[in-house]
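Take a look at the letters that make up each chain.
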Amino acid sequence: MIIGIPKALIYWKRTHFWEEFFKSLGFEVLFSPVTNREIVEMGVRIADPETCFATKVYWGHLLWLDGKCDLIFVPRLKANNEKLEYCPKFFALPDLAKILVKTPILTETFDERKEKIKKTLVKLGKKLNKNSKEIQKAITDAFLNEEKEKQKQKQRFFKKILSKKPKIVLISHPYNLYDVYVNLRTKEKLERLGTQPLLINEVPVPIKKEIKPEQSDIIDFHWEFGKEIIEKIQEIFKYDIMGGIEISSFQCGCDGVIKEFVEQEFKKKKIPFLYIILDEHTGEAGLQTRLEAFIDTLH
Amino acid sequence: MKTYLGIDVGSISTKFVLIDERNQILFSLYRRTEGNPIKAVQEGLREVKNHIKNHSINVDIGGVGTTGSARHLAGVITGADLIKNEITTHAKGTCFFIPNVKTIIEIGGQDSKIIILENKVAVDFAMNLICAAGTGSFLDAQAFRLKIPIEKFGELALSSKNPTNIGSRCTVFCESDMIHKQQMGHKIEDIVAGLCQGLARNFLASVAKGKNIQKPIVFLGGVSENVGMRKAFEDALEQKIIVPKYNTILGAFGAAVLIKENPPQKTKFLGFGISDKDIKCTSFHCKGCPNQCEVIEARIDGKVVARWGDRCGKWSGLNIIDSNEI
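Note that the protein sequences, when read in sequence, are chains L and C. Residue numbering for the first sequence follows the numbering used here, starting at 40 and increasing by one per position. Residue numbering for the second sequence follows the numbering used here, starting at 722 and increasing by one per position.
Calculated directly from the structure, the hints in this document are not laboratory data. If you're wondering where the values come from, they're calculated on a predicted model, not measured in any experiment. Do not take every clue at face value.
Unchecked claim - DSS-like mimics (lysine-lysine), calculated; alpha carbons at most 27 Å apart, straight line:
#1 LYS1035/C x LYS307/L
#2 LYS306/L x LYS1035/C
#3 LYS841/C x LYS309/L
#4 LYS193/L x LYS277/L
#5 LYS277/L x LYS932/C
#6 LYS107/L x LYS137/L
#7 LYS930/C x LYS266/L
#8 LYS932/C x LYS298/L
#9 LYS204/L x LYS841/C
#10 LYS936/C x LYS309/L
#11 LYS1035/C x LYS228/L
Construct the complete structure from the given sequences, taking the supplied hints into account.
In structure tokens form, the structure reads like this:
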């Protein structure tokens, strides 16, 4: 049996988990290809115009997988291990997916306010008719694989931080940072301009005792990525950073709120900051102009 | 005499500035791009050449810099030594005339931008993101609709004693709001003045949002010619706005100054002869992958000189000389 995974949106949050999990259970995994024009056009055509660009891209990936596999995996992400909520658009993904494609949707609700992720994973495995032993092994394998990747990522980060080039931190959701079609190769453009870009989600945060919001000036965020981004920005300021660029998906309501806090942090530190909104109409020329001008402001 | 040429090719207008070693402007030209940047560059260069000839100036071009949204294309067809973004060139150009400038508002045909400077260096900037509301082409369209010559638009706005309130969030609503106000019987000058105020407000609320606007404030670009817009910004900011001489060509001037300060050993400038050459751009969809990039190919007298527009670099990185032989 083949399980399809759309290579968009929530996929980028756990790139080394799901494939390992399903393979360990004995399934074949089919990914949609990296985002390309055809996929974007498919998604944009069917998506509600009011939805964010990242979601439109996700629909394109889902349509690409339709008919090519036995099940498409679309988890319902509600709250993470810190009991912080995901974007409300994630809540509805499996419901909308069921309307959109003919291939059956495999889903499970991940809400760690109610139950631990491992328990949810067991439920998911049971849906696929696997026994407890097989599921436990798959869970261990998946977490191990993810941890291995995190260690590699850490090493890569510390290598990059040693670079003599001016370092610029790119701030966004993983699905904007890693999807080079969506971000119009921002990272590559910055490299060509002679800088060393760093991705905010790759910044390792040391494990620490939980800080109560009133004890610090870090605000208490409702959304998981809000907290993650603000925390990692505090961490990245410990290094010698020349500038910060925040990339936002057009129509992302959450980004509109977080941007204000991110910008404030950079202003406090007097580090140049650039805000870019991307959608399916964004011209590469306009982005290039902004990046070039931004590099010129770093002194 | 050693001179440096700056060319700023924008969506609506194309600007040329020729300077000497002391940054003195020997010749400047502002002309419409008329949807054909190649022709605009060729004809502009011809005018530069004619001026040099008619004034019997002994000119040795030491370097060429291009800027503006078509800077890459202009750079390829002229053989520019420097291709620089318009934020940096405007900052550079303005600082020569107003060294203590802290804020630059530049509104062109389709772009609008704000640049914040400290000690002659741009430290922050913003450009209009997705919407072109309030830029020159919108004012042009409205002037045309109201049958007012664009040159008279500003004066008419100034004659208003009671500007009417025009919603300015989006040009589509802005236009319907104006039509509605006309139908209500408002005077045309009050509507035009209201439009200027609305556009200035919109610029400050969107493009300039959150920017630290300090005086001296300099207003540049085609729209800065409009006295109605100048007054609207002065009213909205409650500050004096400076519109310097050469307000529409400071991007080209900045490009010339930048190349003068970092001159090449030998310029790559292809010479004024390119005005008479056959320069063509064609495009094709690459079928190499599902991205189907639109690749642009520039030819001078039939010979491919550059390709761009591909995401992967397959075409732009291609050795041009080799491909000509195929």
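For each hint, the structure was consulted:
1. The suggested pairing of LYS1035/C with LYS307/L is violated, with an alpha-carbon distance near 43 Å, which exceeds 27 Å.
2. Restraint check for LYS306/L and LYS1035/C: not satisfied, since their Cα atoms lie roughly 40 Å apart, outside the 27 Å limit.
3. Distance restraint check for LYS841/C and LYS309/L: the Cα-Cα separation of roughly 17 Å lies within the 27 Å cut-off, and the hinted pair is therefore satisfied.
4. For a cut-off of 27 Å, the pair hint linking LYS193/L to LYS277/L stands: about 16 Å separates their Cα positions.
5. Distance check on the hinted pair: LYS277/L and LYS932/C sit about 26 Å apart at the alpha-carbon level, within 27 Å; holds.
6. The straight-line distance between the Cα atoms of LYS107/L and LYS137/L is roughly 15 Å, inside the 27 Å bound, and the hint therefore holds.
7. At most 27 Å may separate the alpha-carbon atoms for a hinted pair to count; LYS930/C and LYS266/L meet this at roughly 25 Å.
8. Of the supplied pair hints, the one linking LYS932/C and LYS298/L holds, its CA atoms being roughly 14 Å apart against a limit of 27 Å.
9. Only pairs whose Cα atoms come within 27 Å are accepted, and LYS204/L paired with LYS841/C is accepted, the gap being roughly 24 Å.
10. At roughly 20 Å between alpha-carbon atoms, LYS936/C and LYS309/L fall within 27 Å of each other, so this suggested pair holds.
11. Taken as a hint, the LYS1035/C and LYS228/L pair is honoured in the structure, with Cα atoms around 16 Å apart against an allowance of 27 Å.
Of the hints listed earlier, those the structure fails to meet are numbers 1 and 2, in rising order.
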